[in-house]
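Asks: Put the complex together from the two separate chains, hints included.
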Amino acid sequence: MDSIWFKLLGVVVSFIVAFTVGMTYMGLSRKITARVQNRKGPPFYQNFIDAMKLGSKTSAIHHGVMQHFGPAFLMVSSVMSLMIIPVLNNGMWFSNLNFHGDLIFLLYIMVFGPLGMALGAGQTGNPNSAIGVTRGLSQMVGFEIPWVMALVALMIQYHTTSIVDLMNIQVESGTWLIFSSPFAFIAAVLAMLGMFRYSPFDIVGAPTELASGPMSENGGKYLFTMMSSASVFAFAKLTLYVDLFLGGASNLIELLIKTFVIYMIPVLYGVVSPRYRTEQSIRYFWGWPTFFGLLAILYAVFF
Amino acid sequence: MINDKNSQKIVDFIQNWARKHSIWVLAYGTGCGAIEIPPTMTSRYDAERLGVRGAATPRQADVLLITGYLTTKTLKRVIRVYEQMQDPKYVIGFGSCTINGGMYYDSYNTIKVLDKYLPVDVYINGCMPRPEAVLSGFAKLQELIAQGKANGAQKYKDNLDWYRENQKKIIPNWVMPEYNW
Ligand code: SF4
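Same order as they appear, the protein sequences are chains F and R. Quick note on numbering: the first sequence equals residues 1 to 303 in the numbering used here. Quick note on numbering: the second sequence equals residues 1 to 181 in the numbering used here.
What the hints contain is simulated information worked out from the structure, not anything from laboratory work. Mixed in with the good hints there might be a few duds.
[As the list claims (entries may be wrong)] Covered stretches of chain F (in silico footprint by chain R; criterion: 3 or more residues with CB under 8 Å from a CB of chain R, positions within the stretch not fixed):
1) 55-62
2) 159-171
3) 213-224
Here the structure is a predicted model, which is why all the values come from computation and not from measurement. All C-beta atoms, glycine included, are put in the ideal place defined by N, C-alpha and C.
Next up, chain R with everything else stripped away, as it sits in the complex (with noise of 0.2 Å):
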């Protein structure tokens, strides 16, 4: 009864119903786009109605929003507050620039595509996007979790190595714990 298929369906629909409907967002602002972060939360958009709240620390954070172009030197930052997030953990890559670069493309300084750096659960393009796009973006993301298909820390425990071999190609002098989940 307790290991078998059908209570856990149950359990996971249980849990990811929960996860859905309480989104706590740790909005790392890196680039122009955490502008719009403010007008979602407050009271014209409203985030929190749909359980979509701001999160203090990497600790109680259930996602991440990057938002914007990211620096190499945030690079380092994110990937630290990424590891320190507890399971299960979404990243939202949020504006053009955290898709192929936007209009940063040639820039020497920034990252140009997210993904390769850390897994991107939702993209939300746009630069930069809307309230309205953020939020969609949010629904999106529930439409996933509560599929169970938002599995981004799944693809980076697997894919570790992967991954490191990515983000050390941009910070050369890498002194960071080991990832241990």
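Chain F with its partners taken away, still in its complex shape (with noise of 0.2 Å):
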């Protein structure tokens, strides 16, 4: 059972589950939002659609090679942040290539993918790109310094950095982290806030700011990569946030449930949010934040 064939099929079948998943949850989002502004909303499936309607057009830009790569590369580091994330906590089925301090592998492979994005917006010249990197770079140190000190307080506490380690831990005490370990959850939740974009953070692809950003060169199938990948990488998130926190899931449906429930918690926090200015938004992440990482790594160290 743990021969190479048989995690080879692991990872084909995850991604495609994240596939499936990221895309109808991006597209519930956008029913969700439309239901609360009133509107009635596309359907569900209208991410496909658009998906489908991205990959046939023609796509006649060039503006050097990195600005091929660009998309590449997020698509890379979206999938390898799923390869390492155990799926489901049976260890059988989907736990994929984790190994012994996969967490900080994690913390790396994570921002690898926008960095490599950021390279190839640079390249298309558009001056709209480059302030929408400039932004997103900012933001993301905004928000990695919550995340990864809610990281480094589970691993103070757990003397661990494997997520199979922490799952296992939870499996085994019967309690989730998100009771053991509160202040870590608060710290994470709001990093998480900027980590997922939506507004008030949103700030990097402004449409109508920016025109959207660092992807403002990038049509057809370079949007569809950069959309897959966004919807991998959201389940990659949402799936390691319910391991962490949530005690992983035991089946698919307890999977779906518990990531849902995560997911809404940036698109609701989102849809009544005006957008941020970018030191606004960092502030926000040195604030409230920042403060709940400090006490969730005292919590650990004193408790």
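Replies: What follows is the structure, given as structure tokens:
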């Protein structure tokens, strides 16, 4: 059962699951936004139609090699993060390629995609892209701090840097980490608001202000790649939150329910908030989220 | 199997279906008609339920919406925008001004017939057209796309010389990159 083929099969299956679920969630979020704004909204499968259309468009744009690589970097980083996050906690299916220390590796690999995209967007020479990139990187400096603090608190508290170990701890002790280290959870969730880039933190791809920022020169198939990588990445992040704080999931239905609940936090916070400016956004992340991160570390050290 | 006619038909059908239900609009707010776009997009008429959605840049857009009169100065930008869009692309002329000049028929500063300069797929008449009319224009475009008849971009490619000639009559200092599809 431990053969490489079995693992590869799991990888392919979890990619397909991540793509489908991520796309559906994004479509649902469009629907929910529409309902909040008292509209009927597009059908929940609208994103699949958009993806099909984008895939069938031509892309006769050339600004240089890096521009073509940018979306590919994003995709690679999303798939890599998905690969080291165990999807289900029964260890056989979908446990993917995790290893000891993957939590630290994950911290690196999650910023790899945006950095690649930043290089690609820089080469297009579009001023909107350049502004979008600077905004994105500054915002990343903002939310990475509480996010890293939350993870470090978990590592200190449970003396492990492996996601699977953390999941096993929750299964054995019977309490989810959301209860046994609540401050870390709060810091991580507040950091997640920035990670998902829904408003009020959509300062990177602001459509009317920045003409969608880093992707303003990318249409057609590039946009399709970015869209699918965003959905895969969204699923990976949500699964990570469920794994770390909500005790993982033993089957897909449970996983869907838990991830959807987590996903609703940024979406619902977003639909009622206007957009921040860059410095407001950074100030936000260095305020309460960082405070809770510090509290989490203190809690982990002294209790 | 790969290149025979029937499988191509199936692919076309699926692609046209997707294109029809996902129309990303670049609303070039040239004239006064642009004021009818916000009500079309927001909760009263909600064009997003039909898959119609705003696009941020020409690279991402499918439809160029020319909302009303075009001054000779904006024409150059509009042409540039149109040529930056990626295939398949469509143009909707919005309001009487794009059809025959409308109430600006004797103005020295606007173009009269949009179709001479850009290939228009669908016209929406009225001055200004109500959101219902806009939606019916989108429905007409969807119909044309589904039948594979919305081929304005092809027309533009085939008759590029004619279009260029007309465009250069209006724009004397023509400093533009070549159209390279
Ligand atoms: S058709 Fe009427 S409303 Fe539209 S741009 Fe012309 S004058 Fe304005």
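Asks: Next, verify each hint and record whether it holds.
Replies: The hints, checked one at a time:
no., hint, in the structure
1, 55-62, "holds (count 6)"
2, 159-171, "violated (count 0)"
3, 213-224, "holds (count 7)"
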